[in-house]
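Sequential numbering from 1 applies to the sequence shown in full-length UniProt numbering.
Treat the hints as calculated values from the structure; they're not laboratory data.
Watch out, some of these pointers could steer you wrong.
DEER-style ranges, computed between Cβ atoms [to be verified]:
(1) Cys290 with Gln426: 41 to 47 Å
(2) Pro381 with Thr93: 35 to 41 Å
(3) Ala87 with Ala424: 51 to 57 Å
(4) Thr91 with Pro381: 20 to 26 Å
(5) Ala191 with Gln158: 56 to 62 Å
(6) Gly64 with Gln158: 38 to 44 Å
(7) Thr91 with Asp43: 24 to 30 Å
(8) Ile235 with Pro336: 55 to 61 Å
(9) Ser350 with Thr91: 42 to 48 Å
(10) Asp43 with Pro232: 18 to 24 Å
(11) Ala187 with Thr348: 31 to 37 Å
(12) Thr92 with Lys273: 39 to 45 Å
(13) Thr91 with Gly275: 39 to 45 Å
It should be emphasised that the depicted structure is a prediction, and the values quoted were computed from it without experimental measurement.
Note that CB positions come from ideal geometry on N, CA and C, so glycine has one too.
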Amino acid sequence: MSLSVSRRLAAVTAFAVAGLFASTAPAALAAPTAVAAAPTPPDIPLANVKAHLSQLSTIAANNGGNRAHGRAGYKASIDYVKGKLDAAGFTTTLQTFTSSGATGYNLIADWPGGDPNSVLMAGSHLDSVTSGAGMNDNGSGSAAVLETALAVSRAGLQPTKHLRFGWWGAEELGLIGSKYYVNNLPAAEKAKISGYLNFDMIGSPNPGYFVYDDDPTIEQTFKNYYAGLGIPTEIETEGDGRSDHAPFKSAGIPVGGLFSGADYTKTAAQAQKWGGTSGQAFDRCYHSSCDSLTNINDTALDRNSDAVAYAIWTLGAATPVPPGQSFENTTDVNIPDSPAAAVSSPITVSGVTGNAPATTKVDVNIVHTYRGDLVVDLLAPDGTVYNLHNRSGGSADNLVQTYTVNASSEVANGVWKLRVKDSAAQDVGYINSWKITF
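The whole structure should be built from the sequences, with the hints applied where relevant.
Shown next, in the form of structure tokens:
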């Protein structure tokens, strides 16, 4: 990061790729339409990611102890990544630029196929600072993105969107490489990028689990993944604007990503929910010579690497939003244990002409330890109740589901509510998000 600036995934995938399945509809609901399931995201092998890190560490050791811009270690790092991608069937492009009197390199890798007018891109910076090998910053993100790209090849993935991966140079000098890439893209090519995912420091030794909050859809995708693991996340603020997503965001491209923390101090509350040591930096070796292979938390690296793949598989396969406007509430709402009263999450709808359609879609994402105790209703602006879920699903946890509601008798504009009640004791959970599409 620059100073200048396998695990319950089937359920959460179903929410992120809307409409993949629907349960038997209650009387108030129209029959759901079957949609083919998206490919299941893979479990990225931690051993493979660490093998890439080991190679980057060796490269640094053989080239003055670092992989910084303008140094031999950086070019050797680019050559290593490019060789892996070329062998896996990617079309690679080595982009050169000049900074501080030295030649810099960006590596771009395109996976064949997918809609060329809808490009999903993931990237990380490959350079280190001059003081060390940069294993967490940012060997961790670079290795995870590389292994995810190789997993795309192994799976022969054929996503709806065109997939592109990038490794940036001279990030540590002020996002030089990514700025060069974005600034040299023609306007028509920028418009084709539906999202850019950034991974900068995802294996911090005293890790947190931070999600960028720039684009709601991308943010929710990562929140869904971690909700499936039962791991709480926080909004990423420490690196806001200080990594390679910033040039893409400035160009109007939707961005998102993950971060495990740098030199900010972990609080007691964060240690309580994530483990680790409170009062200590997330990465005590940030921008230091001790950012070596021993400066990696394997659990964080493993989880975040899997999250990279989850996002690529999920967002890459995402189908277009059905005709009509969508409105979403991503604010968490705690669901108190029975016998407490129901809670609700509101969405204010405006700008929709006439009544809601007979195929009004409601996407629900509820994190809960016993979904068989939940009663979930959609409340129209006039108070009409449409039951979505009535204590079904047994002892399984989480309710991640798409429903189709015949709400054609309702005026679309107004305040719609998702109401949830826990009808039996000894459970915990919260409304993670919900969305209504007309």
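Checked hints:
1. Cys290 with Gln426: 41 to 47 Å: 46 Å, holds
2. Pro381 with Thr93: 35 to 41 Å: 52 Å, violated
3. Ala87 with Ala424: 51 to 57 Å: 55 Å, holds
4. Thr91 with Pro381: 20 to 26 Å: 51 Å, violated
5. Ala191 with Gln158: 56 to 62 Å: For alanine 191 and glutamine 158 the Cβ distance comes to about 23 Å; the hint is violated.
6. Gly64 with Gln158: 38 to 44 Å: At 43 Å between Cβs, range holds.
7. Thr91 with Asp43: 24 to 30 Å: With a Cβ separation near 27 Å, threonine 91 and aspartate 43 satisfy 24 to 30 Å, so the hint holds.
8. Ile235 with Pro336: 55 to 61 Å: Once the Cβ atoms are compared, 24 Å apart, the range 55 to 61 Å for proline 336 and isoleucine 235 is violated.
9. Ser350 with Thr91: 42 to 48 Å: 45 Å, holds
10. Asp43 with Pro232: 18 to 24 Å: Because 21 Å falls inside the window, the suggested range holds.
11. Ala187 with Thr348: 31 to 37 Å: Holds, since alanine 187 and threonine 348 (Cβ atoms, about 34 Å apart) stay within the stated range.
12. Thr92 with Lys273: 39 to 45 Å: 40 Å, holds
13. Thr91 with Gly275: 39 to 45 Å: With a Cβ separation near 41 Å, threonine 91 and glycine 275 satisfy 39 to 45 Å, so the hint holds.
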